Amino acid sequence: MKLAWLIPILPLLGCAFSGLLGRRLGKLATAVVSVGVVFAAFLVALATFFAMKAAPGQRLDLLYGTWMAVGTPGTPGALSVPFGLVVDPLSGTMMLVVTGIGALIHLYSVGYMWEEEGFARYFSYLNLFVFFMLTLVLGSSLPLLFVGWEGVGLCSYLLIGYYFETDYAPDAGLKAFLTNRVGDLGMAVGMMALFAHFGTLTVGDILAQAGHLSPETSFGILGFATLMLFVGATGKSAQIPLYVWLPDAMAGPTPVSALIHAATMVTAGIFLLCRMAPLFLLSPVTMNVVAWTGAATALFAATIGLVQRDIKKVLAYSTVSQLGYMFLGLGAAGFAAGFFHVFTHAWFKALLFLGAGSVIHALHHEQDLFRMGGLKDKLPITFWTMLIATLAIMGLPPFSGFFSKDEILYLAFLKSPWLWAIGVVGACCTAFYMWRLMALTFWGEPRDHHAFEHAHESPWQMTLPLGILALGSALGGFLGVPEAFGGHFAIGKFLEPALTFGQTHGAHGGHHAGPAVLLAVISTGLGLAAALAGFFLYKDGLARAEALAARVPGLHLVLLNKYFVDEAIEGYLLRPFRWFGNLLWKLGDVILIDGVGVNLPGALTRVAGDFVSLLQTGRVRNYALGMGFGILALAWIFLK
Amino acid sequence: MLAWYQNLPLWVTALPMLGALLLLFVPNTQRRTFELGALAITVADFLLSVPLWFQYQSSDAVQWVTRIPWIPSIGVNFHIGMDGISLVLFLLTTFIGFISVWCSFTAIEERHKEYYIWILVMQFTMLGVFICQDMFLFYLFWELMLVPMYFLIAIWGGPQKLYAAIKLFLYTLAGSVLMLVAILAIYFLQHKTTGTYSFGIAEFQAMAPAIAKQSLTFQILLCLAFFIGFAIKVPMFPFHTWLPDAHVQAPTAGSVILAGILLKMGTYGFVRFLLPIVPEATKLLMPWFLALTLIGVIYGALVAMIQKDIKKLVAYSSVSHLGLCMLGIFALNPNGIMGGMFQMINHGISTSALFLLVGIVYERRHTRMIADYSGLSKQMPVYATIFMIMTMSSIGLPGLNGFIGEFAILQGAFQAQPWWAVAATSGIILGAAYMLWLYQRVMFGPLDSASVHMKDLNAREIAYFAPLVAAAFWIGLYPKPLMDRLEKPIAKLVTQVDPGFFERERLEKVQAEARRMGMKAMEAPAHAAPGAAGHAPEAHAAVPKGGH
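As given, the protein sequences belong to chains A and B, one line each in that order.
Numbering-wise (this note's numbering), the first sequence opens with residue 57 and increments by one.
Numbering-wise (this note's numbering), the second sequence opens with residue 14 and increments by one.
In isolation and in its complexed conformation, chain B is listed as follows (with noise of 0.2 Å):
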């Protein structure tokens, strides 16, 4: 049995929960406890999770791991860990957890009881999904983790709350299913292979191969099915306009989770299962996969250009973001796996720091319209700070975090296949106009004059958002922590999936390393004498780049 401290990630995981039974015996009117008491919690649980980041081996193993039999018949079990991938998210979780429930105090007005115990038991199940090893616990804390949201936007959401809540809930449900049938189809083959029933993952991914051999129909059922699971979740164009209803409908505390953390779930998806586990068909699929990726890029940002609502700018936003997510994923090599990486958790911090801006003016004003608003940086100037760092950030300005994300995503697909780094440019440019024409139109030109008595931000106001906005410039400025932990699984993951990535490439650089020592033999006498300049680079270059 191992100590406590040596399996954090299933007590981080428990606390929300834990919590939120706890909180069951308060009575309802306690307003302040709900309140005060979800914050301690979801603070308590972030602190409990930082420990992790230090604690993290790196390696491209699964660590933290507890393996109990839960069904054997069936060949269920209790199988718990995580890697670098499954970390990173996981922390993210944490982050974006005590944030929302901040955000909330004034924001919610009824069943506050309620609310921050949804808020909790869904904290509960998005922890679940990155720490589950075994493929039914993972479909277990998936589909749990539908309800409380379902919940948050139906009970405390706008005016379509009932229509966008159960959209929401279908959507996704009808995108589960599929994956369901893609999960027991593996694991029924894997029986007839092996002669063993499992869910775990691992074992999961090894039957890569043998599904490899099955017949072509087969295999692309396999894909489509969990392609269209997590496409839905992500989502990826055309399965999208659930997103849009679902933002625009809920509370702000619901928007900062669903594009914080839940949209990650299916870009987690991808790299989890569908990757590693049907690569030789992703791989015959891969350019519909990748027009519908650049599609969603450009068509996003277009859409978003011209919403007349923050909140559905924002949202549509976000349908472009992760469509440049997708696309470094699909270039299938580390530098485009990496930025996708980057993309989730810097999704995650500047889209839910935006949604987190727009709930603010909204508590004042009630009213979302970029028509109604004018001018506030004049009333507003803190404000009006955060919000140009978080579009900045947003839209990628080195320095912030979303430039690491972008740059290594179009870097990565690049190497694979110029083109696509091309269209997706316009993406990133259409993203600058909609992000700027928004602040502009907001935030300059003479005040409104329904916003002159307009408070700028308080002080708990300001403490949530500066957690958002050192993450941003601590991402921005210093990523190499974050990729050190990434580096190695993703590593693992690019071998699974084309297996020869790594010699060919090895190879290629040492065929261009000999022809460019033929070339020095040849030119020699001409450089025995070089300019000074010459010399320092040369020694640069004589050893491998990067040692430093």
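The following block holds chain A by itself, in its conformation from the complex (with noise of 0.2 Å):
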């Protein structure tokens, strides 16, 4: 399969087009070839999958030459960057989730943005991103991978800041671009560290020869290194304290938000991880780290979610927050666990960010909750698919989400009750949130009755893309049941060469039934609970709920502000940037070295010629005396 670099090539040439000749040649060969491309990588891409699953070691090594090379190859210290691509189990299932669900949401985007202005500008930013994306998936070193990373972060930038002629996009973008540079050189950082330590930054090459290692009882420089990229998954996964940046991205329009920030960009961060699984097996200091993270994140996100108004805020929250579980699962050593939920996750979050699109696009463009409601008749699609995803997401048996949220508490409750518990309550936040959700914009009276009348359900290009995606978010669980309700975990065992890397020291081993199936009913009851207890309070409009909230306003209130953490990142942070620098450019630049410096030494100079310009006065008895005492002098001096 020496044609696989043609996935990653395609979507690359589709965006050469719609940026170069898009607005030329209209909107329908735009929309054609933009589609097209994703189309055929996908199709290529699972040409690929199927050949790698039939290759030796179900792995393809693909090279197509060097990259960068500095110093003699073989010697010492010498950096060597190959152009090659892997296709493996994870890097396999990730490409064919990139391109398929990117497929899916390209022809989306057709529907949504077919009145836009800049129809070709966002086509040919979607493709890019795709390009990149697959090279972040399929690149065979670390450097290739950053390039992928940064490159996403740079689609990302572009199309949040889609709208810029608004405040608030660029601003989004911005923020976004710069939230993801810190983690992005936390990353850098961390390559620096292992190719100091294994002198190479081809994944192989490291992983190979980290399995002749055991793991660091203290923190030593697999540690640090492992951290760095966890420092630099935070950013792009959005996990504290680098989350801020996902929930402003929703600036962008709601496709973006559906491929990007829900399904593929933001779990590049687990993908790292699961890339490098048997680097962070042996950094045991670091797993801690990344699964308290995720835990925290979960519960932090979840329960902010569950006051805003904004339809896409909420998703995006409950984003964070179940990007959080992955990260619970793989610090809890489950990689495949967590990568399954990336799995299940891409299809029903990218079905509930489309899903709210078709909703905004029905409503013209009105996002705030409280103004919509009794959707469900006038929507029927949209809210069919939606109410699959929601009872995905909630993790009802036997819809996706189940399986894969079920393993993750799992394997935390096996390593610490408390991550169990912290995960348990973040799950009964995310079926109340979601819940208060579909209330209020599916059941209840219309609140904006003008938009309501308008509303009609959206064209094929947006509903069939709904349709798949519900199939998926229904059943996608199946493809891995876990041992303790009678499946064999298959995406795990399909994953396994890939996340241990031929070792098998660390990897998780069988588990057994009685807690597991106990720990799944009272998490599914809570969360039950939870999900009535939301549709509930918001069924009938917002009184019960405004009654609630005047209840414990203080709490509301810091929910509502999001923990206030933008006002402290502002007034704590970027201030005092600005005011340190302002303060070197004023006084070091302008007044130390340039005042004291420069000009002051200048102006002596000029001064000191001034005066002693005095003395040559032009008349001949001032030269006369000074003449005379000069002779008075040197005859003193010879005299004496």
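Just so you know, the hints here were simulated from the structure itself, not pulled from any lab data.
A quick note: this is a predicted structure, and the numbers were derived from the prediction, not measured.
Check before you lean on any hint, since a few could be wrong.
Unchecked claim - Computed footprint of chain B on chain A; a stretch qualifies when at least three of its residues, placed anywhere within it, have a C-beta under 8 Å from a C-beta of chain B:
{"#": "1", "region": "112 to 126"}
{"#": "2", "region": "250 to 264"}
{"#": "3", "region": "664 to 670"}
What the hints assert, rightly or not - Which chain B residues face chain A? A few, computed with CB under 7 Å, are given here:
{"#": "4", "residue": "Ile168"}
{"#": "5", "residue": "Gly171"}
{"#": "6", "residue": "Thr254"}
{"#": "7", "residue": "Ile311"}
{"#": "8", "residue": "Val316"}
{"#": "9", "residue": "Pro347"}
{"#": "10", "residue": "Pro411"}
{"#": "11", "residue": "Phe427"}
{"#": "12", "residue": "Gln430"}
{"#": "13", "residue": "Trp432"}
{"#": "14", "residue": "Ala434"}
{"#": "15", "residue": "Val435"}
{"#": "16", "residue": "Lys493"}
{"#": "17", "residue": "Met496"}
By construction, the Cβ of each residue, glycine as well, lies at the ideal position given by its N, Cα and C atoms.
With the hints in hand, could you dock these two chains into one complex?
Printed below as a string of structure tokens:
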């Protein structure tokens, strides 16, 4: 399957086409090409995937040349980075998700964005995103992965700021880029540390060497390197403390939120950790940090989601929270479980966003939940598909979210019951805010009658992807039914060679059915209760919820303002930076260096010159006097 | 005698001067002749220099050598030639050269004859610096370079042009004089130890062991004299304040040349002279140099962030970027120096482009204040796209040139001392902050009313941006040819500075290998039945890395 390079290159060609010719050739041509290339990439990816499954060791190592080379290859300290792609179960699954769900969302975008002036620009960026995402997924070395990593960040920036004539969209884009930059440089430092230790940046070579190491007992170089990689992951995958950009990123068009900020790009951090899984297993300290950060984020973001009014903001915090679950799974050594959740989440969260987009589209860009209501019969396809996604995300068996989330919670329980408890509380919040969202959107009386009257179901380009995604959300879980429920956790078995890289230590063994079923019953039961609470509290409008909020005004205010994190960042981080920059400029450059160091000597020279030039009076008697004094002085010196 | 095509550096250097002499005979009023003539000369010069890229033999030796005795009584030779390090900067100069002429067609409204002649003379002196293999000759070109730049700023500059021009001149002159003292000190020391008088750069570099035997004070003074001379040119903190003034006052082409080439003289000086000639004292003073470097990276970025003038912002960003370049060079290992060299070229490409971009809007609206612009990307989509590409290149987005340099610099710095790299990353984050914030304020938001009649780039403007954009992508996507040309000279430099470097690295590698083999032997049973996936990378690891 040498042709695997086509998978990333096709979308790149699409990007060039839309970017250079799109405006001239019109919307239809742009749409056909943009959707077509991603769909074609999906087909090639499918063929490659089956070639990989048939290949020995379920791994295709494809090499296309050398990208960077410092020093003579083979000599010490030499840096050599190949242009290479790796297709294994991990990257293979991910590339199918990216191209498959990507193709659906491209199709959906055609309907959603048809009225927009910047149609070609939009598709050019979206194709470029798919290219970079595939580079990230398939790249055989960390630098190549990093190209994709930063590239998707760029596309995210461009697409968040798509409505660039507004105030808020460029701000959100800048915030996303800079927050990610912090994480990215953490990752860069992690790469440096790995290079210093292993002398290579090719993933396969690093992992092969790591196979000979035993787990670190204290915090050493591997701990440092993996922690730095995790810092990178917290940026891209929106974990505490770098999650702040993702909710704002909803300023972009809704399909973008679905593809980039829910299904694919934000899971890059989880992908990275899975890719380097054997290395993380060697660093228990990092694993603990990962697990606790994930759990904290899962709960923290879910609580904010409870009270948000903007339908996309609710989903954004939900995404942050779900990503937290994935990291919780990884930290509990459940790499397969965490990645499984990436897979199921991609379906149902993309579906939720596209459904929300369909609602927003129907209501002419109304995003406020408090102004919706009663849309159940007006938008039947949207309603039913979103209902399936809601059941999936809250983890009701047998929908897909149940299996992946349950596996994560079970592994968390094995690591620490507290982690499990946090996860379950978070899951209750998830069920609550999702049913709140559903009730506010689809049930009750319409709160904005004008918008309600004009609402209509979306065109086929939008509803078809909804249907396909709903199918995946409902059934996707059966790919990995945990052993506790009579399955074989098939996806885990399939991923195992990629995750363990031929090594055995630390990988998770089989587990027993007893507590697993009990735990699942408890968490599902609590989740159901929370869902009912959310539904009945909001089913008939806002009155009951407002009464409840009035009883805990402080808590409500804190949640509504997202724990005042943005305000704290502005006040305690950004403002001091600007103040300090100003100080350095005014005091350092203008007063000290330029004033005292440069202009002062200049001025002194001039003053001295002016003073000395006073001696040149042009009067002969002054000079004669000077001469006289000179003679006297000389006489005194010589005759003394 | 070499055939002319074997001695291209000489002709490439001489051509702009010959062209300038020719233009002297054209009457003052022929504006078009000067514009097109200067463009033709610089384009021809660039085309003439391209074969050098292919003629270059991959080795650390000085190539295209011409050596003719010039003033034998004091040991001065007309000695020219280039190695890989000089070559890439030489080519950068011819590359930036024609772009700086091309961008001046509409910007320069008066005294065309003088202007284009000075630009050509400027190019002649800059090229001269890179081909010299004799200190005397080098110093000659180094000082000559100031004259055309002085006039470019003082005649065609902004409102405070005289202040800026004099500041530039005196500042750099102070540095060069210190350097001259250092050169003479070595020159006489050489006579004392070897009995001959010579200004040859190779001979100067060969003096390193003798210098290391001198008193510590002598060594440190020598080192500082070179350091200050070059640090002013780079410029490094705290010698940088001439730069924002010079940039803001200079005409666009002046800024382009200044940022693109002139600043590289300083970094080139470090690589060519300071490191190989006084390595011991340099290593001794390294903590201080590094402190200045890191301060420069962060200081430049912080000050750039709050600038209100676009050109000043870009000027301060230069301080930060060249700080990174110096960090790579001071890492004293191949990765770091390679990164430093890349940073020089990348800065030459992206910062020149940014100055050109500022020049475009300045020509149209006669203001450079950020607050005067808003929402330009609606009005000027092509301009916005190029600005975006160059912003990304400047902040080191992978796939574009900036990344390769920053990556190698951090890699080298991390190898030398991890905390330097970690500290430098903060400058890179700030770099993204000020560039993107600038972009946002100028390009996004609603279009301001004064800009509604702004025209997008015309064909000429697109034409001179195109090579810059192409170069940015080329270096970002396929840097290997450039690395191939730099690799051997850099390895030689590392050996000059730290003779034991490669031997030490090799030993470390052998030891690591031995440790691994030992562990492998112990783990052999566990590994006898590896997972299927284990095998491909195993085979991979057996071949020494990077041997593809």
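Given hint Ile311/B near chain A, where the shortest CB pair must fall under 7 Å
violated (9 Å)
Claimed coverage, the region 112 to 126 of chain A by chain B - three or more beta carbons nearer than 8 Å:
Per the Cβ count (12), the hint holds.
Interface hint status, Pro411/B versus chain A (Cβ within 7 Å):
Result: holds, 4 Å to nearest chain A Cβ.
Would you say the region 250 to 264 of chain A counts as covered by chain B, given the rule of at least 3 residues with C-beta under 8 Å?
holds (count 9)
Just to be careful: measuring from the Cβ of Met496/B to every Cβ in chain A, is the smallest value less than 7 Å?
Given a least distance of 6 Å, the restraint on Met496/B holds.
For the restraint on Lys493/B, tell me whether the closest CB of chain A is nearer than 7 Å.
holds (6 Å)
Proposed interface contact between Gln430/B and chain A, which counts if any beta carbon pair is under 7 Å:
With Cβ-Cβ at 11 Å, over 7 Å, it is violated.
Interface hint status, Ala434/B versus chain A (Cβ within 7 Å)
Hint holds; Ala434/B Cβ to chain A Cβ min 6 Å, cut 7 Å.
Within the assertion that chain B covers the region 664 to 670 of chain A, do at least three residues meet a Cβ-to-Cβ distance smaller than 8 Å?
violated (count 0)
Minimum beta-carbon distance criterion (7 Å), Ile168/B to chain A
violated (22 Å)
Given Thr254/B was flagged as interface, is its beta-carbon under 7 Å from a beta-carbon of chain A?
holds (5 Å)
Quick check on Trp432/B please, does its C-beta sit within 7 Å of some C-beta on chain A?
violated (10 Å)
The earlier numbered hints that this structure contradicts are 3, 4, 5, 7, 12 and 13.
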